[in-house]
Amino acid sequence: MQDYREFLDEILFMPEVIARRVAELGAQISADFQGEELLVVCLLKGALTFTANLTPHITVPQTLDCMSLSSYGIGHYASSGNVRVNLDLQTNIEGRNVLLVEDIVDSGRTLDHVLRMLRTREPKSLKVCVLLDKKERREVAVEVDYLGFEIPDKYVFGYGIDIDEHYRHLPFIATADLRRYRRPT
Amino acid sequence: MQPYTAILSEILIDASTLQKRVAELGAQISQDYAGLDLLLLCILRGGVVFLVDLMRHITVPHAVDFMAISSYGVGARASSGSVRLILDLQTDIQDRHVLLVEDIVDSGNTLAYVLELLRTRNPATLKVCALLDKKARRQVNVPIDYCGFVIPDKFVFGYGLDLDEYYRNLPFVAVVDETRYPPR
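Which chain is which? The protein sequence lines are A and B, in order.
Taking this note's numbering, the leading residue of the first sequence gets 1, the next gets one more, and so forth.
Taking this note's numbering, the leading residue of the second sequence gets 1001, the next gets one more, and so forth.
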């Protein structure tokens, strides 16, 4: 596996900066859901790191569930945005307060479809917490209730976000110069 | 497991009646979907036997895909119909002509929920073909565009429908003798 320093462009957020923002988000979520119970839904795999670091800062009673999704037609230029459920929730979200945790939103198509799907299950409330927002790439309007950081339209990795499944473990968020990136064999 | 003869009350729909009706449905569907790119969608596992027999009578080119669902169990309200996706479609149904092939519709709750879910994916059209309709048990209005048979509210098995996972292989639809099943 290639050393990340060979294709690292710049570090956007250092671990301490991320940790501070995550704590702020946790405090905000705790305040908003005071007196309520929460179901935290982690969207595998990219949001794992963020979710695991966020939930200790959420003080209201909560349960955790995970979903794994993929877009249909990966690689197609014009994606319908429809998402395929690879792993569905174990929990019935009817009447529940749901907080969906995502790593990154760009076009908004995937998130829009996930929200539509979850709404068919009639949760009490459905809120979205996203770590990174590539606002410039938005094609479909989606409501992000809790946002970590807005970022430019660059290829990012680290803190749960992968390049070909690797580098999720890195504690910072960085941009990659893909010209210097070699695909694993 | 006991042989089916030990737990059978009556044969509701015999094999030749079933096959004749399936052929009719297939012909009707072929006519209605002429010139269209049809996608048959079957929910595992009950509808599989019906699906395979039906497909052989559908003369227009068509594809097939499957979903597997389950109830949420504890805490789930049956009336919401909300189900957990165990296996989702491989196919993106955006702009597709989808025909959902079902074994049986009773309360309609699950079917209503599945249709609502599929509609969020923007198919061109979405219709339902059900082999058996237990109309008397309906709680929510659901469209059945192609219906095999309307049946009374009896405990049926065979032709894809199981009794504790067994007897799906029987070529007819039968009614359980509840005095002899489950066995003591």
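Check before you lean on any hint, since a few could be wrong.
With a straight-line Cα cutoff of 25 Å, these simulated SDA-like cross-link-like pairs (lysine to any residue) come out [unchecked claim]:
# : chain 1 : residue 1 : chain 2 : residue 2
1 : A       : LYS45     : B       : ILE1069
2 : A       : LYS127    : B       : LEU1170
3 : A       : LYS45     : B       : ILE1086
4 : A       : LYS124    : B       : GLU1024
5 : A       : LYS124    : B       : TYR1072
6 : A       : LYS45     : B       : ASN1109
7 : A       : LYS127    : B       : GLU1116
8 : A       : LYS127    : B       : ASN1122
9 : A       : LYS127    : B       : TYR1072
Here are the simulated distance ranges between beta carbons [to be verified]:
#  : chain 1 : residue 1 : chain 2 : residue 2 : range
10 : B       : GLY1035   : A       : ASP153    : 48 to 56 Å
11 : A       : GLU6      : B       : ALA1034   : 27 to 35 Å
12 : B       : GLY1035   : A       : TYR155    : 41 to 49 Å
13 : B       : PHE1149   : A       : TYR155    : 56 to 64 Å
14 : B       : GLY1035   : A       : GLU6      : 37 to 45 Å
15 : A       : PRO171    : B       : ARG1119   : 40 to 48 Å
One-sided excerpt, in silico: chain A residues whose CB lies under 10 Å from chain B [unchecked claim]:
#  : residue
16 : ALA52
17 : ASN53
18 : VAL83
19 : ARG84
20 : THR91
21 : ARG119
22 : THR185
Keep in mind the hints are simulated off the structure, nothing from the lab.
Even glycine gets a Cβ: it sits at the ideal position worked out from N, Cα and C.
Outcome of the hint check:
no., hint, in the structure
1, A:LYS45 / B:ILE1069, "holds (23 Å)"
2, A:LYS127 / B:LEU1170, "violated (48 Å)"
3, A:LYS45 / B:ILE1086, "holds (18 Å)"
4, A:LYS124 / B:GLU1024, "violated (45 Å)"
5, A:LYS124 / B:TYR1072, "holds (17 Å)"
6, A:LYS45 / B:ASN1109, "violated (32 Å)"
7, A:LYS127 / B:GLU1116, "holds (21 Å)"
8, A:LYS127 / B:ASN1122, "holds (24 Å)"
9, A:LYS127 / B:TYR1072, "holds (22 Å)"
10, B:GLY1035 / A:ASP153: 48 to 56 Å, "violated (43 Å)"
11, A:GLU6 / B:ALA1034: 27 to 35 Å, "violated (58 Å)"
12, B:GLY1035 / A:TYR155: 41 to 49 Å, "holds (44 Å)"
13, B:PHE1149 / A:TYR155: 56 to 64 Å, "holds (57 Å)"
14, B:GLY1035 / A:GLU6: 37 to 45 Å, "violated (55 Å)"
15, A:PRO171 / B:ARG1119: 40 to 48 Å, "holds (42 Å)"
16, ALA52, "violated (24 Å)"
17, ASN53, "violated (28 Å)"
18, VAL83, "holds (9 Å)"
19, ARG84, "holds (5 Å)"
20, THR91, "holds (7 Å)"
21, ARG119, "holds (8 Å)"
22, THR185, "violated (28 Å)"
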